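Asks: What follows is the residue order along each chain.
2 protein chains.
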Amino acid sequence: MNCMGIRYGDEMIIVDAGMGFPEETPYGVDISIPNFDFLEEYRDDITALVLTHGHEDHIGALAYLLKKFNIPVYASRFTHALAEKRLEEFEMLNDVLLHRVKAGDVSKIGAFEVEYIHASHSLVDCFSLAIKTPIGTVIHTGDYKIDDTPVIGPPYDLKTLKRYGDEGVLALLADSTNATVPGRTPSEQAVIPAFREIFEETPGRLFVATFSSSIHRLQIVFNLAHEYGRKVCVLGRSMIKNVEIATEQGLIKVGHGTLVDLSEARRYDDDEVCYLVTGSQGEMRAALWSMATSTYKGMEIGKGDTVVLSARIIPGNEKNISRLIGHLYKRGANIIEEKRRLVHVSGHASQEDIRIMVETARPKYLVPIHGEYRMLFRHKEFVKNHVPGYDDNNIVLIENGDLLEIDEFGARVVEKHELHRTFIDEESMGEIEYDIVRERKKLAYGGAISLVVTVDKATHRLVGDPQITLNGVAGLDLTNGFATHAREAVSAAVNEMKRDQIADKTVFKENLRIHLKRYVQKELGTKPVIVTTIVEV
Amino acid sequence: MNCMGIRYGDEMIIVDAGMGFPEETPYGVDISIPNFDFLEEYRDDITALVLTHGHEDHIGALAYLLKKFNIPVYASRFTHALAEKRLEEFEMLNDVLLHRVKAGDVSKIGAFEVEYIHASHSLVDCFSLAIKTPIGTVIHTGDYKIDDTPVIGPPYDLKTLKRYGDEGVLALLADSTNATVPGRTPSEQAVIPAFREIFEETPGRLFVATFSSSIHRLQIVFNLAHEYGRKVCVLGRSMIKNVEIATEQGLIKVGHGTLVDLSEARRYDDDEVCYLVTGSQGEMRAALWSMATSTYKGMEIGKGDTVVLSARIIPGNEKNISRLIGHLYKRGANIIEEKRRLVHVSGHASQEDIRIMVETARPKYLVPIHGEYRMLFRHKEFVKNHVPGYDDNNIVLIENGDLLEIDEFGARVVEKHELHRTFIDEESMGEIEYDIVRERKKLAYGGAISLVVTVDKATHRLVGDPQITLNGVAGLDLTNGFATHAREAVSAAVNEMKRDQIADKTVFKENLRIHLKRYVQKELGTKPVIVTTIVEV
Chain P
3 MNCMGIRYGD
13 EMIIVDAGMG
23 FPEETPYGVD
33 ISIPNFDFLE
43 EYRDDITALV
53 LTHGHEDHIG
63 ALAYLLKKFN
73 IPVYASRFTH
83 ALAEKRLEEF
93 EMLNDVLLHR
103 VKAGDVSKIG
113 AFEVEYIHAS
123 HSLVDCFSLA
133 IKTPIGTVIH
143 TGDYKIDDTP
153 VIGPPYDLKT
163 LKRYGDEGVL
173 ALLADSTNAT
183 VPGRTPSEQA
193 VIPAFREIFE
203 ETPGRLFVAT
213 FSSSIHRLQI
223 VFNLAHEYGR
233 KVCVLGRSMI
243 KNVEIATEQG
253 LIKVGHGTLV
263 DLSEARRYDD
273 DEVCYLVTGS
283 QGEMRAALWS
293 MATSTYKGME
303 IGKGDTVVLS
313 ARIIPGNEKN
323 ISRLIGHLYK
333 RGANIIEEKR
343 RLVHVSGHAS
353 QEDIRIMVET
363 ARPKYLVPIH
373 GEYRMLFRHK
383 EFVKNHVPGY
393 DDNNIVLIEN
403 GDLLEIDEFG
413 ARVVEKHELH
423 RTFIDEESMG
433 EIEYDIVRER
443 KKLAYGGAIS
453 LVVTVDKATH
463 RLVGDPQITL
473 NGVAGLDLTN
483 GFATHAREAV
493 SAAVNEMKRD
503 QIADKTVFKE
513 NLRIHLKRYV
523 QKELGTKPVI
533 VTTIVEV
Chain X
3 MNCMGIRYGD
13 EMIIVDAGMG
23 FPEETPYGVD
33 ISIPNFDFLE
43 EYRDDITALV
53 LTHGHEDHIG
63 ALAYLLKKFN
73 IPVYASRFTH
83 ALAEKRLEEF
93 EMLNDVLLHR
103 VKAGDVSKIG
113 AFEVEYIHAS
123 HSLVDCFSLA
133 IKTPIGTVIH
143 TGDYKIDDTP
153 VIGPPYDLKT
163 LKRYGDEGVL
173 ALLADSTNAT
183 VPGRTPSEQA
193 VIPAFREIFE
203 ETPGRLFVAT
213 FSSSIHRLQI
223 VFNLAHEYGR
233 KVCVLGRSMI
243 KNVEIATEQG
253 LIKVGHGTLV
263 DLSEARRYDD
273 DEVCYLVTGS
283 QGEMRAALWS
293 MATSTYKGME
303 IGKGDTVVLS
313 ARIIPGNEKN
323 ISRLIGHLYK
333 RGANIIEEKR
343 RLVHVSGHAS
353 QEDIRIMVET
363 ARPKYLVPIH
373 GEYRMLFRHK
383 EFVKNHVPGY
393 DDNNIVLIEN
403 GDLLEIDEFG
413 ARVVEKHELH
423 RTFIDEESMG
433 EIEYDIVRER
443 KKLAYGGAIS
453 LVVTVDKATH
463 RLVGDPQITL
473 NGVAGLDLTN
483 GFATHAREAV
493 SAAVNEMKRD
503 QIADKTVFKE
513 NLRIHLKRYV
523 QKELGTKPVI
533 VTTIVEV
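Line order of the protein sequences matches chains P and X. For the first sequence, the working numbering gives the first residue as 3, with consecutive numbering after it. For the second sequence, the working numbering gives the first residue as 3, with consecutive numbering after it.
In case anyone wonders, no lab produced these hints; they're calculated from the structure. Being a predicted model, the structure only gives us computed values, none of them experimental. Each hint should be verified, as a subset may be incorrect.
Treat identical chains as interchangeable: a pair holds within one or across any two.
Taking lysine-lysine and the DSS-like style, the derived pairs with C-alpha atoms no more than 27 Å apart in a straight line are [to be verified]:
id, residue 1, residue 2
1, K459, K511
2, K519, K255
3, K87, K524
4, K386, K305
5, K332, K366
6, K500, K69
7, K332, K418
8, K305, K418
9, K529, K69
10, K511, K444
11, K110, K161
12, K321, K418
13, K321, K341
14, K87, K104
15, K507, K305
Build the full structure now, drawing on both the sequences and the hints.
Replies: Quick look at the structure:
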């Protein structure tokens, strides 16, 4: 959910507009995005949105941001294509000004000059940003690794970074995702030997599950498939989309006739096809889960098949992945996991990469970004202990919502805001208010009781029996007639009330609710939500 | 949630009665236990419950099982004490026959003879079971590691196991928790060097967070605290309970005057106290979380404090632990994690321990138990590849609900049952039916609309306006008057219905529900639960 504003005087540019996957999915929430209210006070100052790269946590909130602030967007060709797909879904493509830029370009945006520095990462066509301001240059690394031998494109452009380092960098805002990991992050090429062995030794069908955005990885699979005489069949919506864009742009190179669709793939022998599939995180809606538990378009994984899980386990997905593997084993498949063979490398800078970054940019201030506070802290701790010249005075830890001010006197957090997330229901593309989620949590926890009481308008006396409907209420024993007794208890309570207590509907309603609540808690020991309706006749 | 029946002829003993922590906590569920309905058909055959050890996933469902089947219980002294505490909470202590047994004892239970074999584990006073039946001996390992130098008690009793191996073992039911981990599991003593360094180098307050059941670990902390002149203050309900039982039984030895309560601890200097606390999994209700985020009985962690997280991360807890660490860093504490220093070892057998187990017991059939299917599978795979004489014919993979039959002709799964979990609300100690959880899930996902319609009994015509109450319903814009329009839509729908459609209350109710549902879906794009009530006047 990355999103940052960089402001000088009365001008501000935004870097990235990402989404996240919140824990509130049981409450009808699909994704979360930043609550952009924090930008409202700068509405007139905001001049542009610059995207570092195309991962969802950097561009997933694009449409929602642009709906509120219709500003021009600067992005690389590949990021641009992904952004276009997103905006198409929202029917916003014609209303947005998209600038396509490439590494080495410089955009003059008001008081800012932004140079796009080629960055290596698990994705392609990524940028670090050099943002020149009148008081100095701010480097924003975006997500990066220092890959000297990526599969696609040139290595990380340390030369340009060094040029800025030589000229003087005011602040380096740097990726902390892997700041707890010692050593260097291996090159994207590091997985080739293990994959080569797998292609060499696999007798039957081969399934490779990876992130659809791991473009280098996809290229490796295409290359080896070609070399070992396998066709490649791409399955899963996001995988198909990304392969399409990356091949169109010439980023992924696929041998003529290598790519086949599912019906073609079926006509080949088992050892003549490799399937590139989504679902490495055990997602139940992805292709791999379907193939492992039932069928996916008529396909199922079984004896003789080999499945490579070429991805890290994102925290929170352990259980689902373990279940997925259990299902695959039950079907008799052979599983190759990251833990047992080098079939995955990270896209983020480890500690020694961080050292290279800091030593090359030599910023006046280092500001760790991207990651939980634990990682930002460890980023600081590592640099403090291993790069001379950095200490508590020039490494600044910031949190979400912090306003960091940098001037000739120093860099310091001058304001702290509590930032909220905005929950999105993807089906309706609408926002779900935080209060709504809170109400849903109460309903989930204890269920609901609907109580309807009819009173005579003139006499303020009960007419007929109260009606009670239960939903998700626990502790009921059908034989003990809870509903009947509860009705009687409510009737008795109403009959004891004074006329004026009943005449005031608000008071009456609240009284009823409290009576029934107490009764339920005594009888069932639970706390359902109680909805009372009064009918006056 | 371990629970297994072992049956010969018309006699059955139960091994363990464990609980689990389900993912359904948002729905008012605290714990899950096995649905003991699967035992009903053997009701008259069940003669005893034997407990291997006192971990919650082996004894947590004890009271619920004994409520349904009042059978005698066999357990070690320590397990017995934990079981007593549980039964006290349920006021069942006087109704249950508890047999206290020790390693080496043999209980004759009908057709079975059960010998208790001393097992090493992270807990103390644990058993593997040798269950002699008329057709051969079944060894049930319980949870175990092969620890040659535990901190408390003797090593795993391989000698007795070997005796059974020599006599002939029909089946070995063996722990698979760490079957994916290569090598040997280090001894409980392996953490001493790191802890010694920590006691040596820590200048301020020292907090050690670990599982309250890691009794060896607690002893190590008590020993080093004594050696380095620190008092020990135990915080957190389960930690206090376990230390109390283990010291009473002489399992943990505490130097005179070492144990202090919180008010005493406060009178000592920072470097004179060590706090043993719960909350290593980032649990928000535990002592450590409170100390890291606000205060715990007036105590808070801050600058100069050292916190040792002496526990593994249980899958699912990654995010909370990471947050906890973030909070601790923010407060200026020094954190020592398992990943960076050897402050934790597992209590379960790794692959080379498994090899020792199988080679010592030399069972006719090996049946991996305890663990997800992925682990059972890897258990089989390891033994198949590394212990001669074992293959697909004598390693049997079973799943929850399987009925495994062993006779002179072989070992095979003869029936498969779908086992359900029973959800428990700990506050009311009552069961929550699966259907109730399903209703709560619907409420959580879309919220609820209560619709109350009043009709004239004689004319079957609408009286007044329908009433609509919303709870957790998203997509509302207060300015667009959704409720008013929905009321009008319902009124219009009722006015268009035929008299007989209204006269039949069931049909009328369902019609109303469907009308409103369609309207809501069209207007808001959501699917709340709709509760309709009809008032006839």
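Asks: Take the hints in turn and mark each one as holding or not.
Replies: Hint by hint, here is what the structure shows:
For a Cα distance limit of 27 Å, the shortest separation of K459 from K511 qualifies both inside one copy, at 15 Å, and across copies, at 25 Å. For a Cα distance limit of 27 Å, the shortest separation of K519 from K255 qualifies neither inside one copy, at 66 Å, nor across copies, at 50 Å. For the homomeric pair K87 and K524, the shortest alpha-carbon distance between copies (26 Å) is at most 27 Å, but the shortest distance inside one copy (56 Å) is not. Within a single copy, K386 and K305 get their C-alpha atoms only as close as 53 Å, which misses the 27 Å cut-off; across copies the closest is 18 Å, which meets it.
Proximity of K332 to K366 under the C-alpha cut-off of 27 Å is restricted to the inter-copy arrangement: shortest distance 23 Å between copies versus 57 Å within a copy. In this assembly of identical chains, the alpha carbons of K500 and K69 never lie at most 27 Å apart, being 54 Å within a copy and 46 Å across copies at closest. In this assembly of identical chains, the alpha carbons of K332 and K418 lie at most 27 Å apart only when taken from different copies (14 Å versus 52 Å within one copy). In this assembly of identical chains, the alpha carbons of K305 and K418 lie at most 27 Å apart only when taken from different copies (21 Å versus 57 Å within one copy).
In this homomeric assembly, K529 and K69 come within 27 Å of each other (Cα to Cα) only across copies, at 25 Å, whereas the closest approach inside a single copy is 40 Å. In this homomeric assembly, K511 and K444 come within 27 Å of each other (Cα to Cα) both inside a single copy, at 19 Å, and across copies, at 26 Å. Taking identical chains as interchangeable, the C-alpha atoms of K110 and K161 lie at most 27 Å apart only when both belong to the same chain, with a minimum of 22 Å there against 80 Å between chains. For the identical chains of this complex, K321 and K418 are inter-copy neighbours only, at 23 Å across copies versus 36 Å inside a copy, given an alpha-carbon limit of 27 Å.
With identical chains, the CA atoms of K321 and K341 are at most 27 Å apart both within one copy (16 Å) and between copies (21 Å). For a Cα distance limit of 27 Å, the shortest separation of K87 from K104 inside one copy, 19 Å, qualifies, whereas the shortest one across copies, 68 Å, does not. For the identical chains of this complex, K507 and K305 are neighbours neither inside a copy (68 Å) nor across copies (56 Å), given an alpha-carbon limit of 27 Å.
The structure is inconsistent with the numbered hints 2, 6, 15, although it conforms to all the rest.
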